[in-house]
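*Asks:* In case you want the letters, here they are:
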Amino acid sequence: MPSEMDEFVATAREFLDANATRRSGSADLPEWGVGEDRITYFSTDPPEVDAAKVAESRAWQRTRYENGFGWVTGPRAYGGRELSTLHDLVYDGLEAEYDVPDTGVLSLIGLGMIGPTILAHARDHIKDRYLPAMYRGDAIACQLFSEPSAGSDLASVETRAVRDGDDWVVDGQKVWTSVAQHAQIGLCLCRTNPDLPKHKGITALLVDMSAPGVEVRPLRQMSGGADFNEVFLTGVRVPDDHRLGEVDGGWRVALTTLMNERATVGGEGAGPAARALSLPFLTELLRANGRLDDGATRRRLAELYADQAATEYLNHQAIRKLRAGTQPGPEASVSKLMYARNLTRGAHFAAEVVGPRLIADTGEWGTYSWTELLLSTPALRILGGTEEIMKNILAERVLGLPKEPSIDSRSPFRELRRSGTAGS
Amino acid sequence: MPSEMDEFVATAREFLDANATRRSGSADLPEWGVGEDRITYFSTDPPEVDAAKVAESRAWQRTRYENGFGWVTGPRAYGGRELSTLHDLVYDGLEAEYDVPDTGVLSLIGLGMIGPTILAHARDHIKDRYLPAMYRGDAIACQLFSEPSAGSDLASVETRAVRDGDDWVVDGQKVWTSVAQHAQIGLCLCRTNPDLPKHKGITALLVDMSAPGVEVRPLRQMSGGADFNEVFLTGVRVPDDHRLGEVDGGWRVALTTLMNERATVGGEGAGPAARALSLPFLTELLRANGRLDDGATRRRLAELYADQAATEYLNHQAIRKLRAGTQPGPEASVSKLMYARNLTRGAHFAAEVVGPRLIADTGEWGTYSWTELLLSTPALRILGGTEEIMKNILAERVLGLPKEPSIDSRSPFRELRRSGTAGS
Amino acid sequence: MNGTGTGTAAPSETELGELRAAVRNFLAAKSDEHAVRTAMGSERGHDEKVWRQMADQLGLQALTVPAEHGGDGLGLVELGVVLEEMGEALLPSPFLSTVVLAATAVVASGDVAAAERLLPAIAAGTLTATLAVPDHAGSWDVGAGLRVTATGGRTGAVLDGIAPIVLDGATADVVLVVADGPDGPALHVIDGDAPGLARTPLRTLDPTRRMARLDLDGVHAEPVGDPASLTAVLDRVLDVATTALAAEQVGGARACLAASARYATERMQFGRPIGTFQAVKHKCADMYTRVQVADAAAREAARAVDGIEGAPAAGIAAAVAHSVCSEAFMAVAAENIQVHGGIGFTWEHPAHLYYRRAKASQLLFGGPAVYHERLLARVGV
Amino acid sequence: MNGTGTGTAAPSETELGELRAAVRNFLAAKSDEHAVRTAMGSERGHDEKVWRQMADQLGLQALTVPAEHGGDGLGLVELGVVLEEMGEALLPSPFLSTVVLAATAVVASGDVAAAERLLPAIAAGTLTATLAVPDHAGSWDVGAGLRVTATGGRTGAVLDGIAPIVLDGATADVVLVVADGPDGPALHVIDGDAPGLARTPLRTLDPTRRMARLDLDGVHAEPVGDPASLTAVLDRVLDVATTALAAEQVGGARACLAASARYATERMQFGRPIGTFQAVKHKCADMYTRVQVADAAAREAARAVDGIEGAPAAGIAAAVAHSVCSEAFMAVAAENIQVHGGIGFTWEHPAHLYYRRAKASQLLFGGPAVYHERLLARVGV
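Residue numbers (this note's numbering), protein chains in the order written: chain C, 1 to 424; chain P, 425 to 848; chain S, 849 to 1229; chain X, 1230 to 1610.
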């Protein structure tokens, strides 16, 4: 008798067969010397290509949603199926065998992090209004958390929200906002009471990205593309019913979002950069450069591969734990640390193999193209939490080491700003 | 017309030729497969050998002293020559060409660090009594600073000294005391006023190591030898005229000692461990193990050699600066950090080349003998200031980065101890 | 998860947890630091009473012995749990030589007579054994010739030569020896007290794991298995042994991490626990990261060697685990000394025992140069 | 200090300090970040006015040109000071190609006619030049054949082939080319606007240092020097060039360190300057350590190349400096981004310009695999 999971797999397979084309073999492994000569972590495309890809993403997400695969773990009331995270993973595994549009623009931030936050903290009519729209692919959501002066200290947001009748009026600046240029809504952390300690005076508001006063400017990163934005908020009016959680209780809302960010980390082993650093591709790189018999190069390849494989095994283990019912905790940061480390080492390894042909574009396939990856890897050690923040989390929350003595968690935020400026 | 330095060199050469034998060629480079099969950083010997070596050291120091080379930079009143640090270095350079006893047991701590401290802070009759005796080789001095509970936080000494008439009565325990088993005197930091902040209630006393209540116990380190001691002080009476500096002003005295410790660091490039990791010796190691053509091994050898050579160049530069009249500052810690790093990497490199013959003593020359170095290198990153302390010094004193907020420099020492115990 | 495992089901976490608790309790009682130091200073290097109790009370020696030869027929996943605990406790014991090297070689050889003679006794804890692969480089490279030769027929061979470093070679009741014979390298078994066999205990870097030199002068030996399959047998033994060692290394690394985290929490400097300083805190986080990755590698290798569904190829996963766990344990054991500062490099503190174990384990099957090339060979580069 | 230097006296620190101050003031005025970004976006990749002012106001191009050819006849110790400052300011300029590569090659060739023709103009700042070594691996390994061949006699040769990556190749007034000729590889000089020469500017990782491809189709060339001494000439050019580059790398690394230290002091997080956190503080200390060691290596190499008394052999010290400074600059440039966090990987922040320069410099003469083996060759291993 087929189990419930077997049935789920069968339905999913049926849906995919009907709506997508199955890839042949290992089609997601790039082939040496064939196809586009681009090795990148970021996905920057020219605007017209970008727009077309977003449209394809939305369309595919709608197809998923209409067939019951848009939000596998979500409540039925919002078009979900109320199945487990494992079902979600299983579906992803199946879908990876098909040639379908990448829906990262919708899912990485919006569906993966903001959706669960709205579900946990918004009023019912706000859920009704946005959740189906998001999971149907109509509404893209972004995360308006980071600010230039706050950096790793997320709770130091300075963007102000002041109550005015039924609305809040928001003024401030956000940064490192991915997908903001495509987004319809943004979850925004605002300082509503500077007289409280910094974690206590924050309120979370759901901002309409098309509202007057919202301006999105692309932020060009060192590798040349603009995968992030600055978002300027000037007198933006947000109705109070778009508030998530309590007034001054936004930090709890932010934690829901951040927990969901960590939970998505395990899947980072994929992507074009990771595929370019896969053993078959690197082996061809060595062969093409006559370095397959060089002991020093072989040694570094073996070290790199061992760490890559072990990181992959770590992800397998996380999935097994998930299957066994254990939710991932802060130890998931290990995966992110290793991923950044492996990609960084891999990029420098490839650079060394390519040698001088990395410094100027001679047009030879598989040489200068490594520069883009090399210029992307520094960001990996910073985005989504610097290495230092990750290590603090591991040491304090997993190993139970004592926290650094801190004064700034208890003082009123207003005074911190003052002393902060004075102390610099 | 010969310069003053030329004349100094001529006198020194004359003295050395008359009292020692010149080495032939590069006699201080160990030859592969020849001689004692021992590769060590520490100098542990069996007690009888140790005693004989100390006697030889004392004898050679007396010869130096009687010929005006016992304390080149010291005042004439105490048998010195009142010449510059550069003269001292030049003499050391010349002496290195001769086969003379190693006088480290006298000079590393006593003559290099305690002597200058006594000169700067002791009363005249104490200087008269000890300085000539030390530089003549009669009195060996040790440094009674470190304590088990203080660790890197040197100013947290708990050894108490209580005034009793003209004497101080000292009780406490010191640790990591090298040469204590041979020493006649020890410079001891004592807590004399626990109601003052920790740096302010310390007094420096010169302890007679043969006084009742002084007990020296060897401390065995992980490599097997006992190059350090624990020193237990139980009701030890020290006359007040043996105090250095002011009552409760001992931290300034300690700083004089520590500054002189840093100044001696540059010379660490020598020693049997560094020689074993020299390029010719390592080349023979590779040849003997058939690894001279292995690319991976060659690469690591080149990396190691490049760092060793650059560290040596850094020492050359420090000597040139000294010649130009610049006194070494806290940046000398770089040399210590690099020395520890190079030796550690070198030991693991050699271990890899030797392979399984490192894990059991087959009697084959140049294989198992690397274990002693491998078991000594962890200490290099800790002794004389941990890497963490060194990095703090570089960042704060050289780069001018702000200090960590600290509460313990202002609170009375007595309260720190209490809160310390509660907090652990 | 598209691996090559042949479909064995994985044991349940509950069962593994019970096994772990039993071993942990046993070792807490029998192999605390005092017991370890006593054993490492003793003539034989391990406590024979503990060895018998391991068999009698927990049946650990029987765990992976096939059921038809008196064992439980379990796999590396279960054995890994045991070895992890042994590594954490630094237990001095002929377990790796007897249960992992020797028993695996006998099973892999397919020699039923040898299996019947040796395995029940190993399972019962009444026989210790080891395996000597006296190649020239110490890296199990039998193709380049061996330092022991076999003469005589397929029955009743005579061995001559030297095995320079043999794990537990001075105490093992029987020794399996790979020797160059008329049909190429072949596996043999000799008695530990056979005439013509001289066994010399050697000084070791790791005093909790003994090594000996064997001098063989006309030693009577029984052939084990078919020389034609020797390469396959040794490959299998190496996969199993490096996977078992990886689990032990993870246990050792975990002990170092725990010691550092505890010390960082308790030790006060500058008026604060040293664990509040980021330099120490991040060192501990780095150690944790290494341990987690090593742990995953060791477990995946165990699953692969056991042929569990979805696991990668055994040869690859074992080589990955050997490399990753060797380096993780070495790094963590070294950092543990740094976190402890001065006290960490005294003879009295256990930190150096882990450091010694880590380095000796890393070099046991050839060391980094060998295991990196072996990994590349296994993935076909 | 028992080196092999031939006894040249070292220049005084006072003179070097004055030179440094003059160059620093000049670059502060002419090569601030805005100027660098303007130059790197311009067609030729550098500001020709600044190039002329460098010559007219400071005479930098003349510094190391021999006195008999219109220069000051100074050495690498002095040039190192200049290049360190240029590296710190990231000056886009054909200085490395003209003054270091081309002028050194001409001087080393001993060809008096070529020297008289080219060096006075280089010294005066009226001629830019470069050197193309179109070997197959990009590592100056001329023994394995070259991609440009020379036909015709010792006068008036004709060059054909490709030089795939030539520093400042699109703008240099003259190009020295090593080409395979009837007498083996030999040095030639061609005009930048010679008929048959096609120059294609290439996209570069480091936008402050331009590269071009040269296609040579029957280009008229003058031979320079004796082909028999070519290996010695190239060895000398490589020693000088890697030593000069090392100084530039130290300057770049120093700029990164200064930026990190400044940012760590000013940037507030969690109510404190981030420099109070040990993670950041020790990162800066590590950067400082690397910079100090690199600085010492670069200076020692300069003294060695200048033959100053007590300095080590030039070939060894230059190879050490190339290796150490390449890796130090790369590490420090990468860490600088980490200290800066998010702002550090924006296009607008200068951190990536140093990162690009660091990687491009590291690979300019072949990269790590090449420079490590070159070092071993120089020390005879």
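Just so you know, the hints here were simulated from the structure itself, not pulled from any lab data.
Every residue gets a Cβ at the ideal spot worked out from N, C-alpha and C, and that includes glycine.
Any given hint could turn out to be false.
Claimed, not checked - Here are the simulated EDC-like cross-link-like pairs (lysine to aspartate or glutamate), alpha carbons at most 20 Å apart as the crow flies:
#  : chain 1 : residue 1 : chain 2 : residue 2
1  : C       : K127      : C       : D241
2  : C       : K403      : S       : E1114
3  : C       : K403      : P       : E828
4  : P       : K745      : X       : E1242
5  : P       : K827      : X       : E1495
6  : X       : K1259     : X       : E1242
7  : P       : K745      : X       : E1538
8  : C       : K127      : C       : D45
9  : C       : K53       : C       : D128
10 : C       : K321      : S       : E926
11 : P       : K827      : C       : D171
12 : P       : K551      : P       : E460
13 : P       : K745      : P       : D595
14 : P       : K624      : P       : D651
15 : C       : K321      : S       : E866
16 : X       : K1259     : X       : E1277
17 : P       : K624      : P       : D595
18 : C       : K200      : C       : D248
19 : P       : K745      : X       : E1307
20 : P       : K745      : X       : E1247
21 : C       : K321      : S       : E863
22 : C       : K321      : S       : E1157
23 : C       : K200      : C       : E215
24 : P       : K827      : X       : D1515
25 : P       : K745      : X       : E1277
26 : C       : K403      : S       : D1041
27 : C       : K200      : C       : E230
28 : C       : K321      : S       : E861
To be verified - Over 12 Å on every C-beta distance to chain X, these chain C residues come out as not near it, computed from the model:
#  : residue
29 : L89
30 : Y98
31 : D128
32 : Q184
33 : E215
34 : A296
35 : E388
36 : K391
*Asks:* State for each hint whether it applies.
*Replies:* Results for each hint:
1. Between K127 of chain C and D241 of chain C the alpha-carbon distance is near 11 Å, which keeps this suggested pair within the 20 Å criterion.
2. Annotation: proposed proximity of K403 of chain C to E1114 of chain S holds, straight-line Cα distance about 13 Å (limit 20 Å).
3. A distance of roughly 14 Å separates the Cα atoms of K403 of chain C and E828 of chain P; the hinted pair therefore holds under the 20 Å criterion.
4. At most 20 Å may separate the alpha-carbon atoms for a hinted pair to count; K745 of chain P and E1242 of chain X meet this at roughly 10 Å.
5. A C-alpha spacing of about 13 Å is found between K827 of chain P and E1495 of chain X, which places the hinted pair at or below 20 Å, so the restraint holds.
6. Of the pairs offered as hints, the one joining K1259 of chain X and E1242 of chain X is violated, with about 25 Å between alpha carbons and a cut-off of 20 Å exceeded.
7. About 16 Å separates the Cα atoms of K745 of chain P and E1538 of chain X, which keeps this hinted pair within 20 Å; it holds.
8. For the suggested pair K127 of chain C and D45 of chain C, the alpha carbons sit about 33 Å apart, so the restraint of at most 20 Å is broken.
9. Taking the CA atoms of K53 of chain C and D128 of chain C, the gap is near 27 Å; set against the 20 Å cutoff, the hint is violated.
10. Only pairs whose Cα atoms come within 20 Å are accepted, and K321 of chain C paired with E926 of chain S is accepted, the gap being roughly 17 Å.
11. With a C-alpha separation of about 35 Å, the suggested pairing of K827 of chain P with D171 of chain C is violated against the 20 Å cut-off.
12. With a C-alpha separation of about 42 Å, the suggested pair K551 of chain P and E460 of chain P falls outside the 20 Å cut-off, and the hint is violated.
13. Proposed proximity of K745 of chain P and D595 of chain P is contradicted: the alpha carbons are some 44 Å apart, above 20 Å.
14. Our distance criterion of 20 Å between C-alpha atoms is broken by K624 of chain P and D651 of chain P, whose separation comes to about 31 Å.
15. Between K321 of chain C and E866 of chain S the alpha-carbon distance is near 18 Å, which keeps this suggested pair within the 20 Å criterion.
16. Simply put, K1259 of chain X and E1277 of chain X have alpha-carbon atoms about 11 Å apart, close enough for the 20 Å limit, and the pair holds.
17. For the hint pairing K624 of chain P with D595 of chain P, the CA-to-CA distance comes to about 19 Å; that is within 20 Å, so the pair holds.
18. Between K200 of chain C and D248 of chain C, the direct Cα distance comes to roughly 6 Å. Compliance with the 20 Å bound is thereby established for this hinted pair.
19. Our distance criterion of 20 Å between C-alpha atoms is met by K745 of chain P and E1307 of chain X, whose separation comes to about 17 Å.
20. The hinted pair formed by K745 of chain P and E1247 of chain X meets the criterion: a straight-line CA distance of about 18 Å does not exceed 20 Å.
21. Taking the CA atoms of K321 of chain C and E863 of chain S, the gap is near 15 Å; set against the 20 Å cutoff, the hint holds.
22. Taken as a hint, the K321 of chain C and E1157 of chain S pair is honoured in the structure, with Cα atoms around 16 Å apart against an allowance of 20 Å.
23. Between the alpha carbons of K200 of chain C and E215 of chain C the distance comes to roughly 28 Å, so the proposed pair goes past 20 Å and is violated.
24. For the suggested pair K827 of chain P and D1515 of chain X, the alpha carbons sit about 17 Å apart, so the restraint of at most 20 Å is met.
25. At roughly 38 Å between alpha-carbon atoms, K745 of chain P and E1277 of chain X are farther apart than 20 Å, so this suggested pair is violated.
26. Between K403 of chain C and D1041 of chain S the alpha-carbon distance is near 60 Å, which puts this suggested pair outside the 20 Å criterion.
27. Between K200 of chain C and E230 of chain C the CA atoms are separated by roughly 25 Å; this puts the pair beyond 20 Å, and the hint is violated.
28. Straight-line distance between C-alpha atoms of K321 of chain C and E861 of chain S comes to about 10 Å, which keeps the hinted pair within the 20 Å bound.
29. The non-interface label for L89 of chain C is consistent with chain X: the shortest C-beta to C-beta separation is roughly 31 Å, beyond 12 Å.
30. No beta-carbon of chain X comes within 12 Å of the beta-carbon of Y98 of chain C; the shortest separation is about 34 Å.
31. A cut-off of 12 Å between C-beta atoms confirms that D128 of chain C is not in contact with chain X; the least separation is 36 Å.
32. No Cβ of chain X comes within 12 Å of the Cβ of Q184 of chain C; the nearest lies about 25 Å off, and the non-interface call holds.
33. Chain X leaves E215 of chain C outside its interface by the beta-carbon criterion, the shortest separation being 18 Å against a cut-off of 12 Å.
34. A beta-carbon of chain X is positioned within 12 Å of the beta-carbon of A296 of chain C; the least distance is around 6 Å.
35. For E388 of chain C, the non-interface assignment is contradicted: its Cβ lies about 4 Å from the closest Cβ of chain X, within the 12 Å cut-off.
36. The claim that K391 of chain C lies off the interface is violated: its Cβ sits roughly 7 Å from the closest Cβ of chain X, which falls inside the 12 Å cut-off.
Hint check: violations occur at hints 6, 8, 9, 11, 12, 13, 14, 23, 25, 26, 27, 34, 35, 36; the rest are consistent with the structure.
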